[in-house]
Amino acid sequence: GAGVSQSPRYKVAKRGQDVALRCDPISGHVSLFWYQQALGQGPEFLTYFQNEAQLDKSGLPSDRFFAERPEGSVSTLKIQRTQQEDSAVYLCASSLARQGVGEAFFGQGTRLTVV
Amino acid sequence: GENVEQHPSTLSVQEGDSAVIKCTYSDSASNYFPWYKQELGKGPQLIIDIRSNVGEKKDQRIAVTLNKTAKHFSLHITETQPEDSAVYFCAASPKRTALIFGKGTTLSVSS
Chain A
1 GAGVSQSPRY
11 KVAKRGQDVA
21 LRCDPISGHV
31 SLFWYQQALG
41 QGPEFLTYFQ
51 NEAQLDKSGL
61 PSDRFFAERP
71 EGSVSTLKIQ
81 RTQQEDSAVY
91 LCASSLARQG
101 VGEAFFGQGT
111 RLTVV
Chain B
116 GENVEQHPST
126 LSVQEGDSAV
136 IKCTYSDSAS
146 NYFPWYKQEL
156 GKGPQLIIDI
166 RSNVGEKKDQ
176 RIAVTLNKTA
186 KHFSLHITET
196 QPEDSAVYFC
206 AASPKRTALI
216 FGKGTTLSVS
226 S
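Each protein sequence line maps, in turn, to chains A and B. According to this note's numbering, the residues represented by the first sequence are 1 to 115, in order. According to this note's numbering, the residues represented by the second sequence are 116 to 226, in order.
Hints were generated in silico from the structure; no laboratory data involved. One should not assume that every hint holds.
[Said to hold, decoys possible] Okay, derived cross-link-like pairs now, DSSO-like style, lysine-lysine, Cα gap no bigger than 30 Å in a straight line:
{"no.": "1", "chain 1": "B", "residue 1": "K173", "chain 2": "B", "residue 2": "K183"}
{"no.": "2", "chain 1": "A", "residue 1": "K11", "chain 2": "B", "residue 2": "K183"}
{"no.": "3", "chain 1": "A", "residue 1": "K57", "chain 2": "B", "residue 2": "K183"}
{"no.": "4", "chain 1": "B", "residue 1": "K210", "chain 2": "B", "residue 2": "K183"}
{"no.": "5", "chain 1": "B", "residue 1": "K137", "chain 2": "B", "residue 2": "K173"}
{"no.": "6", "chain 1": "B", "residue 1": "K218", "chain 2": "B", "residue 2": "K137"}
{"no.": "7", "chain 1": "A", "residue 1": "K78", "chain 2": "A", "residue 2": "K14"}
{"no.": "8", "chain 1": "A", "residue 1": "K78", "chain 2": "A", "residue 2": "K11"}
{"no.": "9", "chain 1": "B", "residue 1": "K152", "chain 2": "B", "residue 2": "K137"}
{"no.": "10", "chain 1": "B", "residue 1": "K186", "chain 2": "B", "residue 2": "K210"}
{"no.": "11", "chain 1": "A", "residue 1": "K78", "chain 2": "B", "residue 2": "K218"}
{"no.": "12", "chain 1": "B", "residue 1": "K137", "chain 2": "B", "residue 2": "K183"}
{"no.": "13", "chain 1": "B", "residue 1": "K172", "chain 2": "B", "residue 2": "K183"}
{"no.": "14", "chain 1": "B", "residue 1": "K152", "chain 2": "B", "residue 2": "K183"}
{"no.": "15", "chain 1": "B", "residue 1": "K186", "chain 2": "B", "residue 2": "K218"}
{"no.": "16", "chain 1": "B", "residue 1": "K152", "chain 2": "A", "residue 2": "K57"}
{"no.": "17", "chain 1": "A", "residue 1": "K11", "chain 2": "B", "residue 2": "K137"}
{"no.": "18", "chain 1": "B", "residue 1": "K183", "chain 2": "A", "residue 2": "K78"}
{"no.": "19", "chain 1": "B", "residue 1": "K173", "chain 2": "B", "residue 2": "K210"}
{"no.": "20", "chain 1": "A", "residue 1": "K11", "chain 2": "B", "residue 2": "K152"}
{"no.": "21", "chain 1": "A", "residue 1": "K57", "chain 2": "B", "residue 2": "K173"}
{"no.": "22", "chain 1": "B", "residue 1": "K157", "chain 2": "A", "residue 2": "K57"}
{"no.": "23", "chain 1": "B", "residue 1": "K183", "chain 2": "B", "residue 2": "K218"}
{"no.": "24", "chain 1": "B", "residue 1": "K152", "chain 2": "B", "residue 2": "K210"}
{"no.": "25", "chain 1": "A", "residue 1": "K11", "chain 2": "B", "residue 2": "K157"}
{"no.": "26", "chain 1": "A", "residue 1": "K14", "chain 2": "B", "residue 2": "K210"}
{"no.": "27", "chain 1": "B", "residue 1": "K186", "chain 2": "A", "residue 2": "K14"}
{"no.": "28", "chain 1": "A", "residue 1": "K57", "chain 2": "B", "residue 2": "K218"}
{"no.": "29", "chain 1": "B", "residue 1": "K157", "chain 2": "B", "residue 2": "K172"}
{"no.": "30", "chain 1": "B", "residue 1": "K157", "chain 2": "B", "residue 2": "K218"}
{"no.": "31", "chain 1": "B", "residue 1": "K218", "chain 2": "B", "residue 2": "K172"}
{"no.": "32", "chain 1": "A", "residue 1": "K78", "chain 2": "A", "residue 2": "K57"}
{"no.": "33", "chain 1": "A", "residue 1": "K78", "chain 2": "B", "residue 2": "K157"}
{"no.": "34", "chain 1": "A", "residue 1": "K78", "chain 2": "B", "residue 2": "K210"}
{"no.": "35", "chain 1": "A", "residue 1": "K14", "chain 2": "A", "residue 2": "K57"}
Construct the entire structure; sequences and hints are all you get.
See below:
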């Protein structure tokens, strides 16, 4: 595709439910990032992949958050036992840069609402 | 860890005026400073970036300046247009795996 694609665009989950958010990066992009954006705030880093390797997960807020990119392309962010404070927009970005941050392109995000 | 401060939080200008947004960072290891524009319901869009070995970069109506000594960088938009209205974020990269974002500036350009 032409850009980073995220699905679903919107997700409503009941508290305690597990959710899975999908990111399709730009084809050939080595680096993939997940960010969390609360309402009215800047994006906050969650985790980084270089191909299939998760090189940095220091931003994941708890062990309920898990991300994977098994074949070095599509990535999934999973949140177990969702809580209200998990409500946010989850953004995925990809970059051609092998050395991590460079010109990163963001998807439109998945807005997660936990009720 | 890295901390990025961004000012002002809101900025209103008349069409044709210039707009300036300023950011400071704390970690001297940061060497990459992008600026993103985010419109309602969309993801952030990279509009310009600068690396620490450059003091200024310009792209048409947009320019970014970097002062490494003072640890601050600024976005300048000249001849603003209504379509420039959006939220603008600065960011810094203290490590190669992550960007640290400011809290954003809501720019409103009235015609």
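Checking against the hints above, which ones are violated? 2, 17, 18, 21, 26 and 27
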